[in-house]
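Residue numbers (numbering that gives the first Met the number 0), protein chains in the order written: chain A, 0 to 351; chain B, 0 to 351; chain C, 0 to 351; chain D, 0 to 351.
One or more hints might be untrue.
Copies of one chain are not kept apart here, so a pair can be met inside one copy or by any two copies together.
Said to hold, decoys possible - Capping the alpha-carbon separation at 25 Å, the derived lysine to aspartate or glutamate pairs in DMTMM-like fashion look like this:
#1 LYS196 x ASP35
#2 LYS147 x ASP168
#3 LYS308 x GLU71
#4 LYS196 x ASP303
#5 LYS73 x GLU59
#6 LYS58 x GLU166
#7 LYS84 x ASP35
#8 LYS73 x ASP306
#9 LYS144 x GLU186
#10 LYS196 x GLU157
#11 LYS84 x GLU64
#12 LYS254 x GLU313
#13 LYS144 x GLU71
#14 LYS254 x ASP285
#15 LYS254 x GLU194
#16 LYS84 x GLU71
#17 LYS308 x ASP161
Calculated from the structure, these hints are not laboratory results. Bear in mind that the values here come from a model prediction, so they are computed numbers and not experimental data.
Given next are the chains, with one letter for each unit.
There are 4 protein chains.
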Amino acid sequence: MSNSIGNLFKLSTFGESHGPAIGGVIDGCPAGIDLDLSYVQNELDRRKPGQSKITTQRKEPDQVEFLSGIFEGKTTGTSIGFQIKNTNQKSKDYTHNVDVYRPSHADYTYDQKYGVRDHRGGGRSSARETANWIVGGAVAKQLIKDIKITAFTSSVGEIFIDKPYQELDFSTIEQNIVRCADPVIAEKMIEHISEIKKQGDTVGGTITCVIQNIPVGLGEPIFNKLHAALGQAMLSINAVKGFEYGSGFCGAKMKGSDHNDLFNQDGTTKTNLSGGIQGGISNGMDIYFRVAFKPVATLIQKQDTIDSKGNNVEMQGRGRHDPCVVPRAVPIIEALAAMVMADFYLLARARS
Amino acid sequence: MSNSIGNLFKLSTFGESHGPAIGGVIDGCPAGIDLDLSYVQNELDRRKPGQSKITTQRKEPDQVEFLSGIFEGKTTGTSIGFQIKNTNQKSKDYTHNVDVYRPSHADYTYDQKYGVRDHRGGGRSSARETANWIVGGAVAKQLIKDIKITAFTSSVGEIFIDKPYQELDFSTIEQNIVRCADPVIAEKMIEHISEIKKQGDTVGGTITCVIQNIPVGLGEPIFNKLHAALGQAMLSINAVKGFEYGSGFCGAKMKGSDHNDLFNQDGTTKTNLSGGIQGGISNGMDIYFRVAFKPVATLIQKQDTIDSKGNNVEMQGRGRHDPCVVPRAVPIIEALAAMVMADFYLLARARS
Amino acid sequence: MSNSIGNLFKLSTFGESHGPAIGGVIDGCPAGIDLDLSYVQNELDRRKPGQSKITTQRKEPDQVEFLSGIFEGKTTGTSIGFQIKNTNQKSKDYTHNVDVYRPSHADYTYDQKYGVRDHRGGGRSSARETANWIVGGAVAKQLIKDIKITAFTSSVGEIFIDKPYQELDFSTIEQNIVRCADPVIAEKMIEHISEIKKQGDTVGGTITCVIQNIPVGLGEPIFNKLHAALGQAMLSINAVKGFEYGSGFCGAKMKGSDHNDLFNQDGTTKTNLSGGIQGGISNGMDIYFRVAFKPVATLIQKQDTIDSKGNNVEMQGRGRHDPCVVPRAVPIIEALAAMVMADFYLLARARS
Amino acid sequence: MSNSIGNLFKLSTFGESHGPAIGGVIDGCPAGIDLDLSYVQNELDRRKPGQSKITTQRKEPDQVEFLSGIFEGKTTGTSIGFQIKNTNQKSKDYTHNVDVYRPSHADYTYDQKYGVRDHRGGGRSSARETANWIVGGAVAKQLIKDIKITAFTSSVGEIFIDKPYQELDFSTIEQNIVRCADPVIAEKMIEHISEIKKQGDTVGGTITCVIQNIPVGLGEPIFNKLHAALGQAMLSINAVKGFEYGSGFCGAKMKGSDHNDLFNQDGTTKTNLSGGIQGGISNGMDIYFRVAFKPVATLIQKQDTIDSKGNNVEMQGRGRHDPCVVPRAVPIIEALAAMVMADFYLLARARS
């Protein structure tokens with residue numbers, strides 16, 4: 000169960016960063032969807048390493064191959080298998096952690112839990128897995144074409160966008176390498192990440208995601224609330240430490256008389272502190288949420304740590320790593336959001 | 000699927016606030032656990048309405064009846080059915096919303112999704128459901144006795160505890176009616192809630208939960224990460240708008256060199272910004288997280304709203320409501336955390 | 000997971016035959032279904048003990064109480080909780096098996112698995128549980144009104160109906176106490192069961208179920224085939240030893256040129272050895288299957304057995320038991336079939 | 000959900016017979032299992048086409064490639080991805096059914112359900128999928144090494160083994176091409192299949208499976224009974240029409256006094272009509288069951304059928320097909336049984 004997401008639109012995945020391939024199975028995509036495979040590849044390209052000076056310099060083509068479930072350009076309703084070959088692994092970049100636990104990585108917990116561990120590139124705990132999610136998300140997006148999902152970098156370290164998302168021009172997001180929806184702030188973020196990178200250090204950040212043009216009625220009461228499923232998905236991303244939607248943590252400081260969203264006559268609301276969801280069910284207003292990423296744990300600096308025998312050792316990351324995970328995480332968040340929305344879209348049809 | 004939580008330790012629930020009863024089925028509790036039923040009742044009493052001047056004045060005994068799965072004081076390994084009768088419903092308190100949508104409640108979304116709605120007390124969307132969770136959690140706590148779960152109010156509106164949890168005395172939590180772990184701050188919170196209540200208004204807040212004495216190795220990679228399951232559970236609680244664990248949203252502002260938790264020789268870490276989880280798997284350090292609650296939507300004030308035909312109407316809450324949900328939510332968070340931990344505890348046994 | 004059936008239409012149950020009540024939660028029934036509660040009760044009456052001279056003489060009213068999910072006669076889309084109180088338990092009928100393992104009962108396996116056991120009336124392994132299924136099935140039948148599900152006794156011991164079901168008059172089924180679709184054979188069956196009962200013995204039998212007026216396209220490839228789900232459901236019934244559909248075990252003796260169902264121009268088939276399903280998916284023809292029941296294990300005769308210490312002991316059933324389970328199992332099979340069909344009906348809507 | 004089997008040991012699959020590859024993801028195999036990959040390949044070779052004169056003459060190497068989850072010969076506890084490339088598809092063998100519905104195949108139901116269909120080799124409905132199951136089963140067998148699973152052909156058409164399995168020498172099974180556990184009967188079966196093949200016809204048969212050396216206590220009450228899970232798995236195999244375990248359909252003719260299995264003092268039973276399972280839970284005795292296969296639907300004879308417009312057409316199978324599916328289905332049944340047993344083995348550990 001731990002390698003699957005979704006109920007009716009379900010992705011099951013496999014793969015380590017240094018094995019022959021990663022990939023997965025998409026189960027439940029309805030038949031007859033025109034699948035634009037080049038769109039899927041474009042989405043992968045948005046995530047792939049080596050795309051700019053502020054991301055890892057690792058180069059991998061991340062070419063997806065579809066193996067089943069598509070016939071003459073359309074989904075057939077059967078499961079869609081796919082794989083992405085690993086082509087540019089430098090396993091010897093990882094000889095340093097064969098027997099050493101990198102701080103704030105999953106080396107120690109995997110070793111303790113499983114007693115055996117593929118140390119190369121973090122093995123299954125590598126964020127390489129997220130390429131699989133991009134594929135699932137790019138298929139999901141084509142299933143729920145009318146729903147518009149847009150994510151962007153809203154903060155890097157202490158630098159943040161200080162406007163509500165309604166005042167931003169989303170068309171600018173892909174025009175800068177940090178994927179910030181404000182061109183001026185984007186420059187500051189890029190400068191900051193470049194500086195951090197020079198220090199061999201890393202920095203955290205947040206991403207905001209806005210989902211628009213949503214039918215009323217997606218989501219289910221109690222334990223399958225729409226925002227809880229979104230939260231669960233986002234908290235599955237490597238390095239994520241927090242999730243909030245609508246008014247979020249700020250809402251916890253407010254009074255009800257300020258927080259309540261009053262209705263217009265057509266059922267829309269004058270404000271949207273609720274974030275588009277009431278009782279776990281979409282109300283047709285925009286859904287928006289924010290995700291917090293800790294700084295990448297791999298530093299190009301010396302750090303004290305231990306080996307598997309408990310000896311003190313000193314280590315330094317030698318792989319090719321991101322100084323800030325946020326720019327490449329933008330399409331990942333969109334992909335997960337798309338899979339969650341597709342799942343609830345199908346579920347709502349079942350009950351209708 | 001929407002009324003169940005957990006995989007191996009699974010609770011399925013039913014019930015509206017104004018029907019004959021609420022209740023549920025606990026599936027997967029191992030056999031041979033000595034169940035202290037009075038402990039379950041005590042946990043329910045921590046949640047029940049009418050317990051103090053800052054909670055709703057509704058009085059309900061919330062007496063749980065176990066119907067199966069227990070024989071001579073022990074669990075039998077079969078499913079545990081239970082119910083809590085509804086005894087003090089004042090359905091006529093809800094004549095005002097038969098056909099009116101309360102702002103920032105689930106009335107509108109339920110009506111749009113289902114076309115039919117039990118308006119009384121919010122029906123299935125009522126927080127009364129959380130009494131069921133208390134029962135599930137109180138059974139779970141007895142299954143994982145060694146794991147210690149403690150939640151407390153960490154902020155109400157703008158008033159917050161400004162110390163790390165390690166400096167707090169958890170034994171003070173149940174000594175004040177707001178369930179704050181700092182007696183001085185508790186007084187301020189109580190005063191603030193009392194003031195808000197007088198205004199017929201409501202206020203939000205946050206709860207912090209600390210889980211201690213956890214075996215290393217609970218949690219699973221990718222889509223069943225321990226913190227993602229905790230997040231999903233917490234986001235299921237009515238009025239919750241955010242979840243963060245470890246460094247949370249603050250961590251997003253930090254540099255990696257400040258954020259990494261360096262190891263001691265025994266595998267523990269010198270700091271714990273990770274919040275006790277690496278790669279989705281517990282590392283044996285304390286797990287801690289924080290949950291944000293919006294202010295209660297029901298105000299004892301006049302509000303503009305609409306009815307189901309889209310007419311503008313004015314309404315005022317007449318039920319007996321909480322000015323701040325946080326004090327009563329403390330045991331709810333513990334209960335959900337206990338069910339999640341019990342689920343992963345059983346899962347880890349399966350794989351061991 | 001072991002106490003739930005279904006994915007989108009899901010029943011979770013609890014209850015021992017000698018506890019305060021049995022019951023369950025129906026999750027996933029769409030909103031707006033007019034529920035005829037007296038119909039549910041009638042279905043329960045078809046299963047209840049004491050209804051004729053060839054069933055157990057135990058008398059229980061088996062009165063179902065609905066606790067949630069229904070408002071003003073319609074389903075609300077939320078979970079439907081229900082219970083059936085146990086009113087006529089004679090626990091002292093079961094003092095004989097406190098520490099003794101009844102042959103071919105589940106006493107031994109429950110004791111070995113769980114280490115603790117509610118011996119009274121078989122505890123959770125009692126067929127009393129099937130009353131819960133009747134409730135789930137009676138709700139499901141009202142969801143899929145157009146699909147007609149008819150089960151009947153097709154054999155008792157060596158006595159069997161020797162006509163294809165198409166030649167039977169289903170309206171005769173409820174006119175005889177053995178629920179056989181052939182009045183002449185029914186008399187022989189009744190006579191045989193009466194004879195067996197006098198001997199303190201029991202006898203097995205088979206039930207045939209026919210599902211008619213099914214839309215094309217229910218069922219899913221690979222591991223969620225319609226007939227596999229029906230088989231899994233039927234094999235969940237106490238005492239069932241076999242399941243076959245369409246040509247079944249006879250089909251295994253045939254040649255392809257005799258077995259293939261040739262098409263009419265409208266897509267129907269001239270024969271129906273397939274049993275209405277191809278590749279796991281309904282083809283619109285009648286689905287029919289047959290279920291084998293072993294003879295009831297409780298004899299009103301002396302039997303040698305052992306106690307939990309491995310001592311040889313002699314025992315004799317003293318409870319009030321059925322000499323043949325088949326007549327009362329007819330509505331149980333219909334109920335399970337209805338829940339399976341409802342589940343696939345909703346699933347097909349999701350994908351459509 | 001339709002492409003997955005199992006809860007804790009879970010296989011999810013993809014693939015059409017004429018796409019680039021088939022494959023799957025095994026989720027939940029514990030870490031530290033020494034995986035003999037040549038054993039997996041040997042199991043595949045038992046199923047592969049072209050192995051004898053009584054199977055299809057199609058030749059495919061069916062070479063499995065493992066893509067993840069294994070490190071230095073051991074499972075790592077993470078998901079195991081694998082693929083089997085399709086190398087010998089002759090898609091032009093299937094031009095005859097582009098728009099024609101083969102009788103008693105899934106062409107019609109797939110077309111009606113999905114509106115789009117990969118006609119080549121039956122697409123997803125092809126028994127080629129079962130190669131994936133062999134892989135899953137061969138991994139499962141290595142997880143539950145002590146449990147011995149043996150299947151064999153017990154009948155072909157009207158020819159059957161007339162001895163109880165205890166009198167058979169299982170070591171003879173792989174010594175004849177029909178995989179019958181009785182060498183004399185085997186010869187008759189082979190002769191019969193050869194004759195049928197000459198006629199361009201096909202014939203059905205049954206397979207018996209015996210599971211030995213099983214711990215007491217596998218299986219769960221109510222809806223996750225061990226035999227119901229086995230039945231569900233077996234009914235997922237293409238062409239299967241029936242499943243019975245223990246006394247099966249014969250048991251339905253018996254009296255309780257003949258059917259009950261009396262205990263020995265050590266908890267074993269003198270007879271085993273129960274088939275090793277009581278109340279859904281293994282009792283430590285052999286589990287045995289029988290599976291009925293209809294004759295293969297593809298005939299090398301002219302047949303009348305229709306095309307998708309409802310026109311009458313005549314067709315004749317031109318692919319390379321099995322005259323009897325049973326010999327190659329023997330390892331498939333073992334593989335499914337192994338996955339089911341592995342799943343319950345892990346589940347029992349969770350609850351222990």
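Exercise for the section: If any of the earlier hints don't hold here, list their numbers in rising order. Expected result: 1, 5, 6, 9, 17
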